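Engineer: From first to last, the protein sequence lines stand for chains A and B. So the first sequence is numbered by our numbering: it starts at 1 and just counts up by one. So the second sequence is numbered by our numbering: it starts at 1 and just counts up by one.
Errors might be hidden in some of the hints.
What the hints assert, rightly or not - Listed below are several chain B residues computed to face chain A (Cβ distance under 7 Å; list not exhaustive):
| hint | residue |
| --- | --- |
| 1 | 2 |
| 2 | 10 |
| 3 | 11 |
Everything labelled a hint here was simulated from the structure, so no lab data went into it. All figures in this text were calculated on a predicted structure; none of them were measured in a lab. Note that CB positions come from ideal geometry on N, CA and C, so glycine has one too.
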Amino acid sequence: MRALLALLLLLVALPARADEIIGALSQNSVELTASFSGSEILIFGAVRRDSAAAATDDPAGEGFDVVVVVEGPRQTVAVWRKERRAGIWMNVASAVMASVPSFYAVASTRPLESILSPEADAAFRISTRQAIRADLAPENALFAEALLRIRERTDQYLALGRHVHVDRDILFRTVIRLPANLTEGAYTTRMYLVQDGDVVSQFRTAIFVRKDGIERWLHQMAYDQPFLYGLLALAIALGAGWGAAALVQRIRES
Amino acid sequence: MLVYLPIAEVSVNVLLLLGIGAGVGMLSGLFGVGGGFLITPVLFFIGIPPAVAVATGANQVVASSISGVMAHLRRRTVDLKMGTVLLVGGLIGSSLGIYVFRWLTALGQVDLAVQLSYVVFLGVVGALMLQESLRSWLRSKTPGAPRRKAHQHNWVHALPFKMKFRVSGLYISVIPPLLVGASVGVLSAVMGVGGGFIMVPAMIYLLGMPTKVVVGTSLFQIIFTTAFTTVAHAVSSHSVDILLAFFLIIGGVFGAQLGSQLGTRLRGEQLRILLALLVLAVCAKVAMDLLIAPTEAYSLRVAGRF
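Put together the whole structure using the sequences plus the hints.
Structural biologist: What follows is the structure, encoded as C-alpha cells:
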C-alpha cells in the first residue's frame with residue numbers, strides 16, 4: 001500500500017501531460033527454490049488523465065482501459081506433427097519456431113478484442129497471436145496454431161479478459177499467477193493505457209526469475225561439472241542403496 | 001507437498017515420487033529387474049521430459065539394484081564371475097547405446113524408437129516367459145510327470161572359450177554371456193532401463209543358469225551398467241535430475257528390501273508367471289499408445305531443454 005501511495009504522489013507530481021500510465025509489482029524477483037510451486041504477482045499502478053481531454057472526449061468520464069502483459073523469456077521451439085504410418089502414430093513433420101515466449105499472460109479490464117483495434121495490437125504486439133507473429137508464416141500456420149493450442153491448454157499462454165480492476169477511475173490492479181514450471185530469465189511486464197481502441201501510454205518493468213538455493217547449485221553443477229555431477233548422483237544411489245539394506249538387516253536382527 | 005526439480009524444471013508431488021519409487025523398488029527386489037521399464041514410462045506420464053526420465057530412471061535403478069544385491073549376497077545367490085562377464089559386454093553395449101540415443105534424438109524419433117523397442121522386447125520376452133513358466137508350473141502340479149533336465153545342450157555349448165561358473169554350475173563359452181550383456185547394454189542406454197527383464201530370461205533360457213542365482217546376478221551386473229549410463233547421460237546431455245532421483249531412490253531402496261523378502265516366499269515358477277504378466281501388461285499399454293489416434297497430433301520440443 002505504501003508503494004502505491006508513493007506511486008500516486010509521483011504521478012501527481014508529474015509535469016502536466018495528457019494521459020499517462022505508471023505501475024509497479026508486488027515483487028521484482030522470483031526465486032525458484034525446492035519448495036517453489038508457482039507464484040502470484042500483484043501488478044498495480046495508476047492512470048493520470050488530462051482532465052480537459054477526458055471531459056471533451058468522454059463526458060461520462062469512463063472510457064479508458066488498462067492492459068497488462070507478462071512475457072517470459074523467448075525460446076526456440078520445434079513443433080512436431082504425428083501421422084499414421086504403417087499403422088503406427090509417429091512424428092512425420094516439424095516446424096521450428098525461432099522465438100516464442102515461454103510464458104505469456106495478457107490481462108485487461110475488458111476482453112481484448114472489444115477494446116483494442118487490430119492496428120494498435122499489431123503495432124504494440126499485445127495479443128498472444130501478435131507475440132508469435134514472426135513465426136506465424138503461412139507455411140507454418142498449422143504448427144503455430146498447435147503451439148498456441150497446446151500452451152493455452154497448459155496455462156502457459158493466458159488471455160485474462162476482465163482481470164484488471166480499476167478503482168476510483170485512477171488506480172488499477174491485477175494478479176497474475178506464474179505457474180510451477182517456470183523457466184529462468186527476465187519476465188518483461190508491460191502496462192498499456194488504452195483509449196478508443198488505441199494505446200495512449202505505456203509503462204515497462206520486469207520480474208527476474210532465477211533458481212536459488214540447492215536448485216541453483218545442482219543446476220550449475222550439472223552444466224559446469226557434468227562428470228562430477230554424475231559421480232554425485234551415483235554416490236547418492238550407493239549410499240541410499242547400501243544404507244537401506246544395512247538398516248533393514250539391523251531391524252531384522254534386533 | 002510439491003518440490004521444484006532443477007533439471008526437469010517442473011514441480012511435482014514428493015509423496016507421488018516416493019510412492020513410485022517404492023512400488024518399482026519392490027518389483028526390483030522380487031524379480032531381479034531394475035524396474036526401469038516401469039519407471040521411465042511412469043515418469044513420462046507425470047510430466048517429466050523424456051530425456052530426463054530416461055537418465056534419472058537409470059540413476060534410480062542403480063540404487064534399488066544395490067539394495068537388492070545386498071540382500072542376495074547374504075543368501076549367496078550371486079554368481080560374481082558370470083556377473084563380471086555380462087558386465088564387460090554390458091559396458092561395450094552401453095557406450096554404443098548412448099550414441100544411438102543422441103542420433104535418434106537429433107532425428108526427432110527417440111520417442112518412437114523407445115516405444116517400439118518396448119513393444120517388441122517386452123512382448124517377445126513376456127510371451128516366451130509366460131508360456132514356459134506356465135508349462136513348468138502345470139508340470140510341477142501333476143506328480144509323476146517326466147521332469148525336464150537341468151539344462152539342455154544346444155548350440156550355445158558348442159562355442160569356444162569355455163569358462164567354469166561354479167555358483168551357476170555351468171561350463172560354457174564366454175561368447176553368449178558377452179553378447180547378452182552387450183545387447184542389454186544398448187537397450188539400457190536407449191530405453192533408460194537396466195535390462196533385467198531381458199537379462200533374466202536370457203540367463204535362464206539361453207545360458208541355462210539356475211533360477212535362484214539369476215536374480216542376484218542380474219542385479220549385480222545392472223548396478224554397473226546403469227551406473228555407467230547415468231554418468232554418460234550426465235556428461236553428454238546434462239539430463240540427470242539428482243533431486244528427482246533422490247526421492248525415487250528413498251522410496252525404491254526400501255521397496256527393494258521388501259520385495260526380496262517376499263521373493264523368498266514365492267516359488268520360482270510363480271515368480272516367473274507374475275513377471276511375465278507384468279511385462280505383457282506394460283507392453284500392451286505402450287502398444288495402445290502407438291496404435292490409437294492421439295488426441296493431440298502435435299507436440300512441442302523446446303531447444304536446449306531436452
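Engineer: Now look at each hint and say whether the structure bears it out.
Structural biologist: Now the hints, each set against the structure:
1. 2: Result: holds, 4 Å to nearest chain A Cβ.
2. 10: Residue 10 (chain B) check passes; min Cβ-Cβ to chain A is 4 Å, inside 7 Å.
3. 11: At 3 Å from the nearest chain A Cβ, residue 11 (chain B) passes the 7 Å test, so the hint holds.
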